[in-house]
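**Student:** For the record, the sequence lines run as chains A and B.
The letter at position 23 of the first sequence is residue 98 when you use my numbering, and the numbering goes up by one with no holes.
The letter at position 45 of the second sequence is residue 362 when you use my numbering, and the numbering goes up by one with no holes.
Do not rely on the hints blindly, as some may be mistaken.
[Unchecked claim] Ranges of calculated distance between the beta carbons of each label pair, as one might list FRET restraints: (1) A:Ala453 with B:Lys330: 45 to 53 Å; (2) A:Gly173 with B:Val384: 52 to 60 Å; (3) B:Lys330 with A:Arg424: 46 to 54 Å.
Derived from the structure by calculation, the hints contain no laboratory data.
All C-beta atoms in this analysis are idealised placements derived from N, C-alpha and C, irrespective of residue type, glycine included.
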Amino acid sequence: MTESVNNPLRDPVDRRLPRIPEPCALVIFGVTGDLARKKLIPAIYDLANRGLLPASFVIVGFARRDWDHGTFEELSRDAAKSHARTPWREEVWNRLSGNFRFVGGTFDDDAAFDRLDTTLDDLRESHGIPGNAAFYFSIPPQAFPKVLKQLERTGMADNEHCGGWRRVVVEKPFGTDRPSARELNDLVDRVFTPHDVFRIDHYLGKETVQNIFALRFANAMFEPIWNSNYVDHVQITMAEDGGIGTRAGFYDANGAARDVLQNHVLQLLALTAMEQPVGFDAEEIRIEKLKVLRAVKLGDDLGATAIRGQYTDGWVQGRPAAGYHSEENIPAESTTETYAAVRIGIQNRRWSGVPFYLRTGKRLPKRVTEIAVVFKEAPHMPFADYDTQILGNNQLVIRVQPDEGVTVKFGSKVPGTGMELRDITMGFGYGETFTESSPEAYERLILDILLGDKTLFPDAHEVDASWAVIDPLEDFWEGGKPEPYESGTWGPAGADLMLQASGRRWRRA
Amino acid sequence: MHLKDTTTGEIMKALGGLLHEVGGTSSLALNLVALTTEDEREEVEQAASQAAQEHPYRLIMAIPRDVDAAEPRIDAEVTLGERLGAAEAIILRLDGPTTPHLTSIVLPMLAPDVPVVTWWLLDPVKFHLEQELRGFADRRITYTARAADPVASLHRRAQRYVPGDTDICWTRISLWRSLIASAFDGVSHKVESIDIRADRQDPSAQLMAAWLHTRLGVAPKIVDTKVERNSEHLPAIASVAFTMAGGETMEIERMPDGETVLRQAGLPKRRQSLQGRTLGQLLAEELRHLDPDPAYHRVLETFQARFDEAEAP
Chain A
76 MTESVNNPLR DPVDRRLPRI PEPCALVIFG VTGDLARKKL IPAIYDLANR
126 GLLPASFVIV GFARRDWDHG TFEELSRDAA KSHARTPWRE EVWNRLSGNF
176 RFVGGTFDDD AAFDRLDTTL DDLRESHGIP GNAAFYFSIP PQAFPKVLKQ
226 LERTGMADNE HCGGWRRVVV EKPFGTDRPS ARELNDLVDR VFTPHDVFRI
276 DHYLGKETVQ NIFALRFANA MFEPIWNSNY VDHVQITMAE DGGIGTRAGF
326 YDANGAARDV LQNHVLQLLA LTAMEQPVGF DAEEIRIEKL KVLRAVKLGD
376 DLGATAIRGQ YTDGWVQGRP AAGYHSEENI PAESTTETYA AVRIGIQNRR
426 WSGVPFYLRT GKRLPKRVTE IAVVFKEAPH MPFADYDTQI LGNNQLVIRV
476 QPDEGVTVKF GSKVPGTGME LRDITMGFGY GETFTESSPE AYERLILDIL
526 LGDKTLFPDA HEVDASWAVI DPLEDFWEGG KPEPYESGTW GPAGADLMLQ
576 ASGRRWRRA
Chain B
318 MHLKDTTTGE IMKALGGLLH EVGGTSSLAL NLVALTTEDE REEVEQAASQ
368 AAQEHPYRLI MAIPRDVDAA EPRIDAEVTL GERLGAAEAI ILRLDGPTTP
418 HLTSIVLPML APDVPVVTWW LLDPVKFHLE QELRGFADRR ITYTARAADP
468 VASLHRRAQR YVPGDTDICW TRISLWRSLI ASAFDGVSHK VESIDIRADR
518 QDPSAQLMAA WLHTRLGVAP KIVDTKVERN SEHLPAIASV AFTMAGGETM
568 EIERMPDGET VLRQAGLPKR RQSLQGRTLG QLLAEELRHL DPDPAYHRVL
618 ETFQARFDEA EAP
């Protein structure tokens with residue numbers, strides 16, 4: 076943060092003073108969409124409620140609507156009121172009130188973007204905002220190039236031209252394969268500077284995910300065993316109980332691997348497997364994450380190590396669930412996967428020979444995201460076989476959601492006279508009780524964008540390295556058919572076989 | 318669970334029993350030892366249960382009752398997850414000569430190895446226990462605004478400061494300070510003079526002046542003002558005005574309803590909202606920092622120098 080150098084009131088040891096962004100505007104493209112309504116605008120209200128927004132802060136909406144500023148403000152108010160995390164307080168809203176601007180138009184409409192440019196320029200006079208603005212792309216990826224070109228044409232993306240910072244925020248998907256992602260990355264990094272591009276992976280805004288850093292690098296007891304000497308394998312699971320919902324068009328064109336594996340799961344993998352960064356700043360973390368992602372290697376026999384599935388009719392949590400082919404707007408012959416499980420290796424000294432099993436799927440028994448580090452068996456057991464029969468491997472599990480926390484599983488003696496051993500679990504929960512006060516991922520991420528802190532945002536090289544993992548899978552799956560699995564079960568049999576082949580099994584998450 | 322004429326051993330057994338019933342091992346972040354009176358019990362309980370949402374703790378609340386009684390006696394109430402929310406709570410009512418020996422009661426009841434925070438709303442000087450409690454507490458929270466002579470109480474605090482001391486009067490100006498700091502982002506002029514309209518008797522106002530003095534190197538003037546507050550735990554500060562080298566001015570003024578206006582030369586006025594927080598929210602903020610607060614220490618030193626200078630003949 077640059078202002079901490081200039082502003083005499085900001086003292087690094089004074090940790091009570093929250094980081095508050097400089098005067099700025101947040102421009103939301105696609106402000107009529109679900110994301111803006113349910114996440115972005117409520118998050119802005121929550122930030123205001125926590126006193127984390129600068130005195131001069133303006134929200135600019137852009138969409139194909141015939142609204143005036145007042146209508147936009149009114150609708151934003153409704154959205155914030157129904158979806159905000161923190162309690163509703165009229166006086167907090169009043170402070171935001173009057174700071175809404177709306178610019179109507181299509182992405183092809185030069186005049187509309189000229190108006191947007193003027194609107195931002197006017198904030199200098201009216202609000203004392205010296206050109207700072209973040210552009211949030213809450214729009215379909217096909218529209219990115221159009222909007223970027225408009226921002227380039229009008230000079231709105233140019234820091235110098237604007238006299239402040241200009242940042243851009245893009246949501247996944249970052250392309251559909253490596254070449255398309257490169258094209259997109261090149262475009263956005265050219266129009267803005269790479270430094271000003273924020274790619275949102277909302278998983279990284281979660282407290283538990285950030286806690287992986289703390290767990291690994293602030294403690295003495297985990298890191299020494301965090302390697303192939305002690306770790307047998309790692310399982311990363313991101314399961315959803317829901318189906319594809321209203322995303323049929325997008326989902327059918329992409330599938331589970333592109334939708335989830337490429338971003339969330341590989342980011343969790345990177346945080347789990349990375350080396351210790353030199354320092355805790357964006358650049359140093361990025362370097363280590365990138366090294367791991369580039370060291371990822373797929374199995375030689377993808378037929379046995381890259382399994383995909385598609386859900387069929389079944390029951391999920393006591394309710395009947397339709398199969399993928401019966402979902403609205405899904406072609407009957409669709410071969411898009413709704414489940415993917417992959418075994419990968421990481422080619423470095425720390426992880427040599429340790430398989431990482433990644434899986435994600437829809438219509439699984441429950442919604443859960445976790446990282447399970449499964450340790451090797453004790454090198455020698457001085458107990459009789461029959462006493463340790465049900466003793467499993469030690470595990471350290473990081474639960475990302477729900478019930479955020481960390482559990483450790485280890486063997487213990489069953490009370491009684493014999494020496495019978497059994498697994499027990501010791502848990503630390505951020506707990507259901509405390510989630511209430513932990514901020515939404517979007518609050519944290521929006522604040523970081525406005526502050527210019529890139530620690531929690533993957534950059535173009537990470538995206539590129541992730542696609543380098545996914546593309547060969549997609550090529551291999553091309554033309555084939557995913558294995559069916561019944562809705563409400565833990566995925567296709569092939570995924571179980573993949574682990575059984577090496578005497579392992581999926582942890583029931 | 319109520320225990321009459323009991324011992325710490327019985328109390329811990331009762332707590333263990335309750336924990337066993339719910340079947341959980343608890344993951345406590347800290348011990349909170351609160352010293353209070355029956356009159357303030359509800360206020361403390363409310364604040365404690367709110368703060369416990371963020372910081373799971375063992376609450377040990379000591380209430381001196383019949384201090385003149387000849388025989389020592391302890392009555393205790395042990396609760397888990399009831400009206401005190403997520404905390405494991407032990408409420409002690411102390412008769413006779415037990416109160417001066419509070420430490421001997423509290424020590425065996427502390428959850429092992431997690432930090433200890435003491436907290437009381439009363440004027441610390443009323444409790445000669447303070448010294449004794451200091452011995453094992455990592456952090457000591459007081460609320461000097463509650464003292465009979467708040468500024469004098471703050472001054473005593475400054476004289477006897479030990480790392481780990483803190484004051485809700487400091488906590489409650491965080492939002493104010495953050496607004497002011499944010500207004501200074503992008504201001505490049507040097508400050509020439511500062512006027513604070515506030516209640517001189519409010520320790521928060523004194524701390525605000527001392528903070529600005531420390532950071533800006535300019536001695537603020539406190540213009541004694543009666544300040545209307547719509548929330549009990551707000552600092553009694555109405556406005557802070559800065560005059561820069563070159564004559565430009567910047568003023569932040571809080572209206573009684575919480576609307577706060579930033580007036581800066583050459584710019585339209587900007588509105589913020591600055592609301593009072595509940596005691597529970599303030600306590601929660603305080604518990605977020607379990608190490609000594611060097612920023613507070615510096616400000617306290619400045620306050621002491623300012624105070625001594627004002628008192629000097």
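**Student:** If a hint holds in the structure, say so; if it does not, say that too.
**Tutor:** Here is what the structure says about each hint:
1. The hint said 45 to 53 Å for the Cβ distance between alanine 453 of chain A and lysine 330 of chain B, and at roughly 36 Å that hint is violated.
2. Checked against the hint of 52 to 60 Å, the C-beta distance between glycine 173 of chain A and valine 384 of chain B comes to roughly 57 Å, which is consistent with it.
3. For the pair lysine 330 of chain B and arginine 424 of chain A, the supplied restraint of 46 to 54 Å holds, since their beta-carbon distance comes to about 52 Å.
Hint compliance for this structure: hint 1 alone is broken.
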